[in-house]
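Given only the sequences and the hints, what does the whole structure look like? Please build it.
Number of protein chains: 4
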Amino acid sequence: MPYTLRRKVMFKDCDPARIVFYPRYFEMLNDTVECFFDEVLGCPFERLHQDHAVPTARIDTVFTAPSRLGDWLDITLTCIRLGRSSLDLAFAVRCGDEPRLRAASTLVHVGPDGRPVPWTGELRKALEYQIKGTD
Amino acid sequence: MPYTLRRKVMFKDCDPARIVFYPRYFEMLNDTVECFFDEVLGCPFERLHQDHAVPTARIDTVFTAPSRLGDWLDITLTCIRLGRSSLDLAFAVRCGDEPRLRAASTLVHVGPDGRPVPWTGELRKALEYQIKGTD
Amino acid sequence: MPYTLRRKVMFKDCDPARIVFYPRYFEMLNDTVECFFDEVLGCPFERLHQDHAVPTARIDTVFTAPSRLGDWLDITLTCIRLGRSSLDLAFAVRCGDEPRLRAASTLVHVGPDGRPVPWTGELRKALEYQIKGTD
Amino acid sequence: MPYTLRRKVMFKDCDPARIVFYPRYFEMLNDTVECFFDEVLGCPFERLHQDHAVPTARIDTVFTAPSRLGDWLDITLTCIRLGRSSLDLAFAVRCGDEPRLRAASTLVHVGPDGRPVPWTGELRKALEYQIKGTD
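Protein chains in written order, with the working numbering: chain A, 1 to 135; chain B, 1 to 135; chain C, 1 to 135; chain D, 1 to 135.
Treat the hints as calculated values from the structure; they're not laboratory data.
One or more of the hints may lead you astray.
[What the hints assert, rightly or not] In silico lysine to any residue, SDA-like type, Cα no more than 25 Å apart, as pairs:
{"hint": "1", "chain 1": "D", "residue 1": "K12", "chain 2": "C", "residue 2": "Q50"}
{"hint": "2", "chain 1": "A", "residue 1": "K12", "chain 2": "C", "residue 2": "K132"}
{"hint": "3", "chain 1": "B", "residue 1": "K12", "chain 2": "D", "residue 2": "D97"}
{"hint": "4", "chain 1": "D", "residue 1": "K12", "chain 2": "B", "residue 2": "H52"}
{"hint": "5", "chain 1": "C", "residue 1": "K12", "chain 2": "D", "residue 2": "T78"}
{"hint": "6", "chain 1": "C", "residue 1": "K12", "chain 2": "A", "residue 2": "P44"}
{"hint": "7", "chain 1": "C", "residue 1": "K12", "chain 2": "B", "residue 2": "H52"}
Predicted model only: the values in this text are computed from it and were never measured.
Okay, here's the thing in structure tokens:
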């Protein structure tokens, strides 16, 4: 069950070449993960980050076409694989029918000391439901 | 011939988990490319961007350990392969002996209309020298 | 007629002290100006910035209380005074009933060469309506 | 005794109008405070922020001329007044002889609960020395 965040390209996102500065895309992807945890998994970051965190362990990104000031982007997140304490995600950013970016990342669920801890309880159930739902 | 930018992790780079927020690493990598074009290739961005640009076409990144406020990072850029209008780069970020991040990216040299244009003249020569120098 | 943008404090906005890093507030204020030009004045930045710009000439800001990850902020913009080529704005940021920030800024309408140009036509009319509406 | 940080305007600082996006100036000012605490006061942020913080309570800023990609900026910080738990600062940003920005801010020294705590010990002494030195 893909989750989509719709977002306009703002002035702050753009560089002197008048296209999205690529580090800003990663802020958008992080916003998408954050909204997904809040709205879909029922685990907002202000609660999760009281004693845990979900740092990104790797991310592979292809930028297929530039995005310009004012473009409306659909940022789609799909849960791909759930590990003991990891989560593989796929991202697709589109403007209308035009693909702009594809990415694949792995998040790790860590505890207060920064070491991986298993996904458990309601959060694991919600993530498992996301994976099954995409089959 | 690897190029290294030495940079302290600043307050602005860090997130509520007190580690570098990963989109900020991409700002550091972009800074490194920019300093490399200026100091090594003799082609500062303020000149290059008058009529060209070097957007990133893809970047694959592995975050091997978190970086904390105050850490001194050595960000090393190595030219890997020079295409007609592309350039493959490898990045390694270390704090002392500890690896923090590895990345591989491809830049594309584009003209005013955003289409790829060949590397030519002094800039191509300088890039070729970098590639040969790494053999 | 005040305009309000409602916005959650995201992970990217927060610093290691777990509160909004103050430069991020200025991105929020800029977003608010941008949404106001688009939604209220009918002049989106992607059109305005084809040949004009509205740089900030000064901004005075008081931070009355910190904002935390997950807080919902109401960012209110009020047009205060319209000059020949300038615009005075007032901002108030609140979380529920609690004030977080007050700011007063002046924007300048500039042409392609960066020099001030008068507000004219529909844009001036829309701005005048905003000022009168606040009386 | 003014402290100056010299810094080139980088690609990441600039907006589609090809000038420094004003929220990025506040990142530069924060970097300057951070370097000043580290290099001049002998109190780096990685130590200070273990149990304290120095949030900005207000900042008034005038942008006198735009800065462009590649400009070298001299960012000068001067300690103006030391309160029980506050510190007034003045900033001037110049490119060569041309002024670009002036700002006046107040920082507050706070403890783990975010409440003001007096400047004490070596840090107060170092700050007092800065104030006297500017007479």
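Within 25 Å, alpha carbon to alpha carbon, are C/K12 and B/H52? Roughly 31 Å between the alpha carbons, so the hint for C/K12 and B/H52 is violated.
Between A/K12 and C/K132, does the CA-CA distance stay at or below 25 Å? violated, 30 Å
Assess, step by step, whether the Cα of B/K12 is no farther than 25 Å from the Cα of D/D97, and give holds or violated. Answer violated: B/K12 to D/D97 is near 28 Å, above 25 Å.
For C/K12 and A/P44, compute the direct alpha-carbon distance and say whether it is at most 25 Å. Within the cut-off at roughly 14 Å; holds.
Need the status of pair C/K12, D/T78: alpha-carbon distance at most 25 Å? violated, 30 Å
Taking only the CA atoms, is the gap from D/K12 to B/H52 under or equal to 25 Å? holds, 16 Å
Are the Cα atoms of D/K12 and C/Q50 separated by 25 Å or less? With Cα atoms ~21 Å apart, D/K12 and C/Q50 stay inside 25 Å; holds.
Consistency note: the structure conflicts with the earlier hints numbered 2, 3, 5, 7.
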